[in-house]
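**Q** Please take these sequences and the hints and turn them into a complete structure.
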Amino acid sequence: MSAHSRIALFALALAAMARPAAAVVTIDVTRGTESRIPIAVVPFAFEGAGAAENLPAAIIEANLARSGRFAPLAREDFAARPQTPEEVRYKPWRLLKVENLVIGRLKEQKDGRIQIQFRLLDVFRERQIAGQKFTVPAARLRKTAHQISDIIYEKLLGRRGAFDTRIAFVTVDGRPRRYRLQIADADGHSPKTILESSRPVLSPAWSPDGRRLAYVSFEQNRSMVYIQDLWSGKRERIAGYDGINGAPAWSPDGRRLALTLSKEGNPEIYLYELAGGKLRRLTRHTAIDTEPAWSPDGGGVIFTSNRSGRPQIYRISARGGAAERVTFGGKYNAGASYAADGKSLVLITNQGNGYRVALYSLAEHSVRELTRGRHDESPSFSPNGDMIMYASQAGGRGVLAALSLDGRVRQVIRTRAGAVREVDWSPYGGQ
Amino acid sequence: MSRLLRAGLFARAVLFTAAVHSALFIVLIQGFSWFTPPKRGGEPISASVVFARDIGDWRAEDLRKREGAARAARQMGEALARQKEERRAAEKLAQQKRAEEKEKKKRQKQLAERRKAEQAERAEQAAREAENKRKVDAVWRRAAEDALSALIGRIAAKVERNWRRPQTSRAGLRATIRVNVARDGSVTGARVTRSSGDPLFDQSAERAVLKASPLPFPKDPQYYEFIDTFDFKFHPDEL
Numbered sequence: 000m001s002a003h004s005r006i007a008l009f010a011l012a013l014a015a016m017a018r019p020a021a022a023v024v025t026i027d028v029t030r031g032t033e034s035r036i037p038i039a040v041v042p043f044a045f046e047g048a049g050a051a052e053n054l055p056a057a058i059i060e061a062n063l064a065r066s067g068r069f070a071p072l073a074r075e076d077f078a079a080r081p082q083t084p085e086e087v088r089y090k091p092w093r094l095l096k097v098e099n100l101v102i103g104r105l106k107e108q109k110d111g112r113i114q115i116q117f118r119l120l121d122v123f124r125e126r127q128i129a130g131q132k133f134t135v136p137a138a139r140l141r142k143t144a145h146q147i148s149d150i151i152y153e154k155l156l157g158r159r160g161a162f163d164t165r166i167a168f169v170t171v172d173g174r175p176r177r178y179r180l181q182i183a184d185a186d187g188h189s190p191k192t193i194l195e196s197s198r199p200v201l202s203p204a205w206s207p208d209g210r211r212l213a214y215v216s217f218e219q220n221r222s223m224v225y226i227q228d229l230w231s232g233k234r235e236r237i238a239g240y241d242g243i244n245g246a247p248a249w250s251p252d253g254r255r256l257a258l259t260l261s262k263e264g265n266p267e268i269y270l271y272e273l274a275g276g277k278l279r280r281l282t283r284h285t286a287i288d289t290e291p292a293w294s295p296d297g298g299g300v301i302f303t304s305n306r307s308g309r310p311q312i313y314r315i316s317a318r319g320g321a322a323e324r325v326t327f328g329g330k331y332n333a334g335a336s337y338a339a340d341g342k343s344l345v346l347i348t349n350q351g352n353g354y355r356v357a358l359y360s361l362a363e364h365s366v367r368e369l370t371r372g373r374h375d376e377s378p379s380f381s382p383n384g385d386m387i388m389y390a391s392q393a394g395g396r397g398v399l400a401a402l403s404l405d406g407r408v409r410q411v412i413r414t415r416a417g418a419v420r421e422v423d424w425s426p427y428g429g430q
Numbered sequence: 000m001s002r003l004l005r006a007g008l009f010a011r012a013v014l015f016t017a018a019v020h021s022a023l024f025i026v027l028i029q030g031f032s033w034f035t036p037p038k039r040g041g042e043p044i045s046a047s048v049v050f051a052r053d054i055g056d057w058r059a060e061d062l063r064k065r066e067g068a069a070r071a072a073r074q075m076g077e078a079l080a081r082q083k084e085e086r087r088a089a090e091k092l093a094q095q096k097r098a099e100e101k102e103k104k105k106r107q108k109q110l111a112e113r114r115k116a117e118q119a120e121r122a123e124q125a126a127r128e129a130e131n132k133r134k135v136d137a138v139w140r141r142a143a144e145d146a147l148s149a150l151i152g153r154i155a156a157k158v159e160r161n162w163r164r165p166q167t168s169r170a171g172l173r174a175t176i177r178v179n180v181a182r183d184g185s186v187t188g189a190r191v192t193r194s195s196g197d198p199l200f201d202q203s204a205e206r207a208v209l210k211a212s213p214l215p216f217p218k219d220p221q222y223y224e225f226i227d228t229f230d231f232k233f234h235p236d237e238l
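These protein sequence lines are chains R and W, in that order.
Anchor point for the first sequence: position 395 equals 394 in numbering that gives the first Met the number 0, and the numbering is continuous, going up by one each time.
Anchor point for the second sequence: position 33 equals 32 in numbering that gives the first Met the number 0, and the numbering is continuous, going up by one each time.
Incorrect hints may appear among the rest.
Below, computed lysine-lysine pairings styled on DSSO-like, alpha-carbon distance capped at 30 Å [said to hold, decoys possible]: (1) R/Lys-90 - W/Lys-218; (2) W/Lys-157 - R/Lys-96; (3) R/Lys-342 - R/Lys-330; (4) W/Lys-96 - W/Lys-83; (5) R/Lys-262 - R/Lys-330; (6) W/Lys-103 - R/Lys-154; (7) R/Lys-191 - R/Lys-132; (8) R/Lys-233 - R/Lys-262; (9) W/Lys-108 - W/Lys-96; (10) R/Lys-96 - W/Lys-232; (11) R/Lys-90 - W/Lys-232; (12) W/Lys-115 - W/Lys-103; (13) W/Lys-103 - W/Lys-91; (14) R/Lys-109 - R/Lys-142; (15) W/Lys-91 - W/Lys-101; (16) W/Lys-115 - W/Lys-134; (17) R/Lys-154 - W/Lys-232; (18) W/Lys-91 - W/Lys-105; (19) R/Lys-132 - R/Lys-142; (20) W/Lys-157 - R/Lys-90; (21) W/Lys-96 - R/Lys-90; (22) W/Lys-115 - W/Lys-91; (23) R/Lys-233 - R/Lys-277; (24) W/Lys-218 - R/Lys-96; (25) R/Lys-154 - R/Lys-132; (26) W/Lys-157 - W/Lys-210; (27) W/Lys-134 - W/Lys-83; (28) R/Lys-191 - R/Lys-233; (29) R/Lys-154 - W/Lys-210; (30) W/Lys-104 - W/Lys-91; (31) W/Lys-101 - R/Lys-96; (32) W/Lys-232 - W/Lys-157; (33) R/Lys-191 - R/Lys-90.
Label-pair distances were calculated between CB atoms; the ranges are [to be verified]: (34) R/Lys-90 - W/Asn-179: 11 to 21 Å; (35) W/Ala-170 - R/Glu-125: 24 to 34 Å; (36) W/Lys-132 - R/Arg-88: 34 to 44 Å; (37) R/Arg-74 - W/Asn-179: 32 to 42 Å; (38) W/Thr-192 - R/Arg-396: 55 to 65 Å.
Since the hints were derived computationally from the structure, they do not count as laboratory data.
Built from N, CA and C at the ideal position, the CB exists for glycine as well.
**A** Structure (structure tokens):
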């Protein structure tokens, strides 16, 4: 049989199989990876008199990297630095396996404001996915970069980003010690001090509308719970009873605070009605009950209790009744809060290797450690539930750390002064 | 005397001539009436016309007559014999002809039979060849099947390596991407023909195919000349 007829036969057989009815070969694709999205954020060009503002691109790139969902391409690997879609040649980026490209320009306006425009491009489909123009005062450039990061995040992941949010945290430094309650951007920049005291400040908690902060201050030599309005600076004392006044937690509707009070002798969980100031005791047990946190639907409160001998998480209905144990396993599970979907808790666990941030699956009753520290504390979900901020130790000093939910990306956030003690991530809005 | 002699000679000549003519006549008659029944040939020839009645020498005449008759009879016998001979020959010829006819028929029959046999053999041969071809085709088909499934496996693996599934995707999503390829495997076009309803999922699938370009086509594009369109069905099995 000649080579030619062999090919013909083979091709004929292939053709017969390949196209019985439809003229196509069908291939099933069932497995994929969930790796990080390769993206390149090209430095934005700046037209104007001021110092070159490479800032937005740098902020965007850092945000995306910190989220754990993106793998920004190193600048030295950039094939080119296009500023407009016309300048983009997609092929070199494709060879670098970059899926998305962020380009943009900054332009100083006559009134001193800055016009910033960006485009998010799909390298393989050669399409623009998003593009927007903002004109802002120079001081708002950082916030705009966070907003752009959120747009990119949402366009590429289908989830709302949480870059344009804030964190509240407590630092301590100096001799004599200075305690500062601060709020900053979610990346730790632009900190502002809300309260400064020579006495400890504890447990900052954002109101659901993001406009108020509840916290515990020892400024009068004993613990008291305050709510402070961030716009007006006005504050109100909520609890100043004998004994412990601590661990405020806002209900999802913002109408109630769960608190730990020991005014009746033993630390118990109480609910405080903001309108009217009514106080109701929720737990009744001889053990210590503290660190309350609300379920996303507002129907229940979880808290830490040592009623089994060691700290574990328990749950009680917001209407009261019997508490049921939630966490099992490990000698220490404490400081829990719910993920937005209500399916898991983030908490501090100690399985014998130190106090670490962990995810606790409520369905499987399994603990997954996310950090490798020895003294991690105060974990808090980002409002979209995709990241966790917590207080950790670095070089014997308290620092802020951001963690992706899969635990793969952990980044220490530099703060200007002081050792960080506690942190709480803000909800959306309220700015 | 001489007159007499002359007259006698003349008469003999006439008689002889008449006898010869009558003999010839008889032969002629016999000849013309070939297929008439043979008994008619037995009519006496004595009725022939006598030209010289006045001739006295009857003896001679009689003798001549007898001689002539004998001759005629002999001739007639010869003619009859000849006739018989000819009839026999004709019969023989007819027989031969019949035999030949028979032989011809026999030959024709044999020929027909041979043709029939040949036809059957040819049909059998054709069937054998068809069976053979079917077997060969089956071999090629199997080879092509193996080659195609190997090719599909390689292509699917490359696309899967390049498919970054959106983490937010719900379970049970299905999308189909129709892909056109050049003969070297490079993707020349990709479009969503069946949407999952989740734009991010669709995009991830489309991008996976584009990222996997060129698809791992074999070194011999001639074999795959006709394969220029694929339907990639994305349906994660472990979300």
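**Q** Each hint: holds or not?
**A** Hints, verified against the model:
1. R/Lys-90 - W/Lys-218: holds (24 Å)
2. W/Lys-157 - R/Lys-96: holds (14 Å)
3. R/Lys-342 - R/Lys-330: holds (22 Å)
4. W/Lys-96 - W/Lys-83: Cα-Cα ~19 Å, so holds.
5. R/Lys-262 - R/Lys-330: holds (28 Å)
6. W/Lys-103 - R/Lys-154: violated (97 Å)
7. R/Lys-191 - R/Lys-132: Status holds; Cα separation ~28 Å.
8. R/Lys-233 - R/Lys-262: holds (26 Å)
9. W/Lys-108 - W/Lys-96: holds (18 Å)
10. R/Lys-96 - W/Lys-232: Satisfied, since the Cα-Cα distance of roughly 23 Å is no more than 30 Å.
11. R/Lys-90 - W/Lys-232: holds (26 Å)
12. W/Lys-115 - W/Lys-103: holds (18 Å)
13. W/Lys-103 - W/Lys-91: This hinted pair holds, its Cα atoms lying about 18 Å apart.
14. R/Lys-109 - R/Lys-142: Holds, at roughly 21 Å.
15. W/Lys-91 - W/Lys-101: holds (15 Å)
16. W/Lys-115 - W/Lys-134: Given pair W/Lys-115, W/Lys-134 holds - Cα atoms ~28 Å apart, limit 30 Å.
17. R/Lys-154 - W/Lys-232: holds (23 Å)
18. W/Lys-91 - W/Lys-105: holds (20 Å)
19. R/Lys-132 - R/Lys-142: Roughly 14 Å between the alpha carbons, so the hint for R/Lys-132 and R/Lys-142 holds.
20. W/Lys-157 - R/Lys-90: Satisfied, since the Cα-Cα distance of roughly 19 Å is no more than 30 Å.
21. W/Lys-96 - R/Lys-90: This hinted pair is violated, its Cα atoms lying about 97 Å apart.
22. W/Lys-115 - W/Lys-91: Distance ~35 Å between W/Lys-115 and W/Lys-91 Cα, so the pair is violated.
23. R/Lys-233 - R/Lys-277: Given that 30 Å is the threshold and the Cα spacing comes to 21 Å, the pair holds.
24. W/Lys-218 - R/Lys-96: holds (25 Å)
25. R/Lys-154 - R/Lys-132: The given pair, whose Cα atoms are some 16 Å apart, holds under the 30 Å limit.
26. W/Lys-157 - W/Lys-210: holds (9 Å)
27. W/Lys-134 - W/Lys-83: Judged against 30 Å, a Cα distance of about 74 Å means the pair is violated.
28. R/Lys-191 - R/Lys-233: holds (16 Å)
29. R/Lys-154 - W/Lys-210: holds (19 Å)
30. W/Lys-104 - W/Lys-91: Holds, at roughly 19 Å.
31. W/Lys-101 - R/Lys-96: Violated - the C-alpha atoms of R/Lys-96 and W/Lys-101 are around 94 Å apart, more than 30 Å.
32. W/Lys-232 - W/Lys-157: holds (14 Å)
33. R/Lys-191 - R/Lys-90: violated (45 Å)
34. R/Lys-90 - W/Asn-179: 11 to 21 Å: Check passed, 19 Å falls within 11 to 21 Å.
35. W/Ala-170 - R/Glu-125: 24 to 34 Å: holds (31 Å)
36. W/Lys-132 - R/Arg-88: 34 to 44 Å: Violated: the Cβ-Cβ distance is about 54 Å, outside 34 to 44 Å.
37. R/Arg-74 - W/Asn-179: 32 to 42 Å: Check passed, 36 Å falls within 32 to 42 Å.
38. W/Thr-192 - R/Arg-396: 55 to 65 Å: Given about 58 Å between the Cβ atoms, the range holds.
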